[in-house]
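Student: Here are the chains, one letter per residue:
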Amino acid sequence: MRKDYNLEKRKYVIGGFIILIVFVYMIKLFELQICDSKYKTYADSNAFLKKTIYPSRGLMYDRKGKLVVFNQPAYDVMFIPRDVQPFDTIDFCNTLQITREDFDQRISDIKNHRKNPNYSLYTQQRFMTHLSAQDYGRLQEKLYRYPGFFIQKRILRKYNYIAGANILGNIREVNNTDLKNDEYYRRGDYTGDLGIEKSYEKYLRGTKGEEILIRDANGKIKGRYNDGNSDIAPIAGKDLTLGIDIELQKYGEQLMQNKIGAIVAIEPSTGEILALVSSPTYNPNDLVGRARGKNYRRLVNDKTIPLYDRAIMAAYPPGSTFKPTQGLILRQEGIVTPHTAYPCYMGFIYGRLKVGCHGHESPITLVPSLRTSCNAYFCWGLKNMLDKKSKYGTTGNAFETWKKHLVNMGYGYRLGIDLPGESRGFIPNEKFYDKVYGQGRWNALTIISIAIGQGEILATPLQIANLAATIANRGYFYTPHVVKDIVGEKIDSTYITPRYTGINSTYYEEIVEGMRQAVTSGTCRTANLKNIEVCGKTGTAQNPHGKDHSAFMGFAPKDNPKIAICVYVQNAGFGATYGVPIGSLMMEKYLNDSIAPERKYLEQRMLESNTMIFSGIKRNY
Amino acid sequence: MELRGTTNNKDASSIFKSIDWTTLLLYFIMVVYGVVSIYAATYDFDHASMFSFSEFSGKQFMWIGISFLAGLSMLLIDKRLYEAYAYPIYGLLILLLIVTIFVAPDINGSRSWIVFGPVSLQPAEFAKFATALALAKLFSSYNFVLNKSLGNYLKCAFIIGLPILLILIQKETGSALVYFSLVFVLYREGMTGFVLFIAACAITFFVVAIKFAETTILGIATGMFSVLVIILLIAIAMLFIYCKSFILGRNVLIGNILAAITAVILHFCDIQVNGYWYFGAVYSAMIIYLLVSMFKDNLKRIIITISFIVGSVIFLFSVNYMFETGLKSYQQKRIKVALGVEKDLKGVGYNVNQAKIAIGSGGFIGKGFLNGTQTKLRYVPEHHTDFIFCTIGEEQGFVGSMAVLGLFLALILRIIFLAERQRTAFGRIYAYCVASIFMMHLIINIGMVIGLCPVIGIPLPFFSYGGSSMLGFTILLFILLRLDASRREYSY
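Line by line, the protein sequences are chains Y and X. Under our numbering, the residue at position 67 of the first sequence is numbered 67, and the numbers go up by one with no gaps. Under our numbering, the residue at position 446 of the second sequence is numbered 446, and the numbers go up by one with no gaps.
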């Protein structure tokens, strides 16, 4: 055979060619497997389905250990569009008890990128939320007929008492702001809205768990990854014990029905809130589940704004309930002594200025002036204080001193209750009047009405109740709070640290005496219970909206007080007509557990009365 | 020619003495590696046993057994029988391919499988060794020199082209493509390298033109612009090196530089240069110049150069047309995906993307045996057949993929070595056919899996699941071993 050595060299070309190709492939493999790490992530997100396990949300108990808020299971119908295969739509609609039109509407809403920006063929979509147990049962049986659909268990709230909606709050699905502010949340999660649910969200929600499942290319679950050893168990939310007495809360809401206003009851020795009634209120169950959206819109559109927690958000003129603060300041500042008497001839009359009063003895000292709720006494007192240049130099300085005392008593700023949305009320300062009247163009007479809790002064029912608690404690208070105890955690130290007003406790005794006399022989006689020494102060606040607001502030018993209270009823007239009866019934109910037979008529009258008609608001449902 | 008995004991023992154990060892390693990979690829949670016949790896074991028997038989058959019966075997397989077209059931659009009860075979896999035998026989015929006449080329083209045609009719484009690799054999036997050069140019022009078709430079698609520049560069290089004409090369080079400078100056004078006009002018000027001066120098080579230039330009302009009209839309898509023009991760690109994720997620040492999620959870389609390399890449990482590439490279280089030590043209041609076929399978299969080639469904020899391919490649290789074992016996 002839051998062509020239051609034999071509083996190097062919060999070289395959070596070159293999070399190129090796470089490509090096790049894929060693240089680029993104493929590992892709592979994991392909193969591992991380399924969230929702923790159960913390429960709430009242101060007597009664279960108030707990969880109920709810079922959401989910589907992955890619996995859906043709199915009997009519049968599906019948199972879920929806119409064909409803079905089409839901599907088109889900596919609408504006309404559902995260729509994808490959991810879970929520078809329907909050199935009832019956619907769930029916669907569960037939689920195998609808490939691509599955059921996700969720947790909803359930309430044992139709009371305290404003305190408890509710839960809602997270919105874009929540998602942005807190990495914990994923779309579709629930978060607390309003009340304790909101302010204690971090304790109540617990920690989500994760179950890692192995998923094949068809989206079929093949089993648990690593036999479940890599799963993360959820940690249940922390249970809360509230300072609220749920029965008292419910009673307060009943007394306040058909009235606009608030009741705040505080245990003076701890600052725990016993009841926090805002009226009108709503049924907490209305904001649970599928009906939430509809009911929420109804509540928002209601002209009586039930979602507005008047007990902590509304700032009212405190009226005569403000007078004890004035007595305390005058005594502390040495403007008056127990024996200082001011004249009252049917009011405070100074030149052309007249602040009216009603018939009682004159001249009058501190204790009787509280008993009779004399306007003139406190006007004289404030005038003498603001005019006392020898002590303060200027009216402005005197006024700032006055304000400082009020702030120490909890007025003018948020008290710091553990509920969202608290209002700060209003106590003016020197600058405020300089701005309104001009510097040096105002004096005690210009602003005299603040002495009797009118004028610019505004306070929340919570602040007024806190004043009652401070007087009950003779000079200090604990920041009012609704949560008494968190399982396994300590409550915030601000709620267990007493805040002193800086006013001598002996002056408080004089105020207590005045308030006791108001109950025994003064303006609050309706509150005079047989076996309990009640102390109280009425308030009748003029306001630009119509009939006077009726207010009451008090505590009981006089020694070793157990309850301090504020009742505020909008446009209901004299403090004695609504404030005092409701306040006394609340105290009686809390301290005696029942209403004495001879006071049943009072309870009946309060339950049946309607003052909402005087407020000028027509309910639109 | 005298024929001897096929079952001669003396012959058999001498074969095992002189057989190439290196190739045999490589073969056994690859077969075992392959079946282990199939086991890993098809491993399921409720998988019974590696040897159960109902499972892929079990079935593959059965086929390996059959292949060993077939390989042994190949070794025991007298060497001269292969040469004597080369054409009849080829004829038989061609007949089988024709029959297949009519009797094969339609499986995913292709009619290439003959079904015997539970077993189905793909004749296209067996036509490979038959074609190799026929080609070897042709070359070993008396006084056959490839370059002696055009008729010899036509004979080769007939032997290679017939199975290609039949397999194309069966709609097995991938398998048909493999036969084109036999061009390497023709090259080894004297076909001018110019053909390979033209083929390389054609592939380059095609890839560049399609890949950069989306943007434009001077009103021409970037791809086309680049190719026109490349043609100019090649032409200048050809004038210098191939035509050995310094003056022509220099003048064309200077002319082009001047033209380019002019275009740049015009561009800065805010006169828009149209690319078509520019290249039209440059190419016309160059060709006219070459035509005028071609008689002064090496006439034949300058004419070839001119033909190359004209042919390239015609090819380039017809590429787009061919691409749009000659290929089916799914083929266009596969090519575009392979070239990275289109992503299409949910359609054609899904396979390649998932394959790359599988291999890429393996890292350096892989996820470990049976721990691959991409392949086991069926994200990679055909994970035990054409995409078997994914399982290796995912579970054994860079180390595993290097091992597989290394094994194949060793095998192919060893076969080339075996080819060159044959004393007969028959042995040498056959060996080169085997090497070419393995090369083509390796290049296309792994290229496809790592996204460097379009998706063309052909198996990775000895690794991919499938009886026909296992048996076909074993026969192909063992005939070579048999020829090599007795290379010293006869000399023509």
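Since the hints were made in silico from the structure, they are not lab data. Careful: at least some of the hints might be erroneous.
Stated by the list, open to error - Straight-line C-alpha distance at most 30 angstroms; calculated DSS-like pairs for lysine-lysine:
hint, chain 1, residue 1, chain 2, residue 2
1, X, K17, Y, K11
2, X, K367, Y, K38
3, X, K328, X, K171
Student: Sort out whether K171 of chain X lies within 30 angstroms of K328 of chain X, counting only the CA atoms.
Tutor: 13 angstroms, holds
Student: Regarding the pair K367 of chain X and K38 of chain Y, is the alpha-carbon distance no greater than 30 angstroms?
Tutor: 15 angstroms, holds
Student: Is K17 of chain X within 30 angstroms of K11 of chain Y, Cα to Cα?
Tutor: 27 angstroms, holds
Comparing the model with each numbered hint stated earlier shows that all of them hold.
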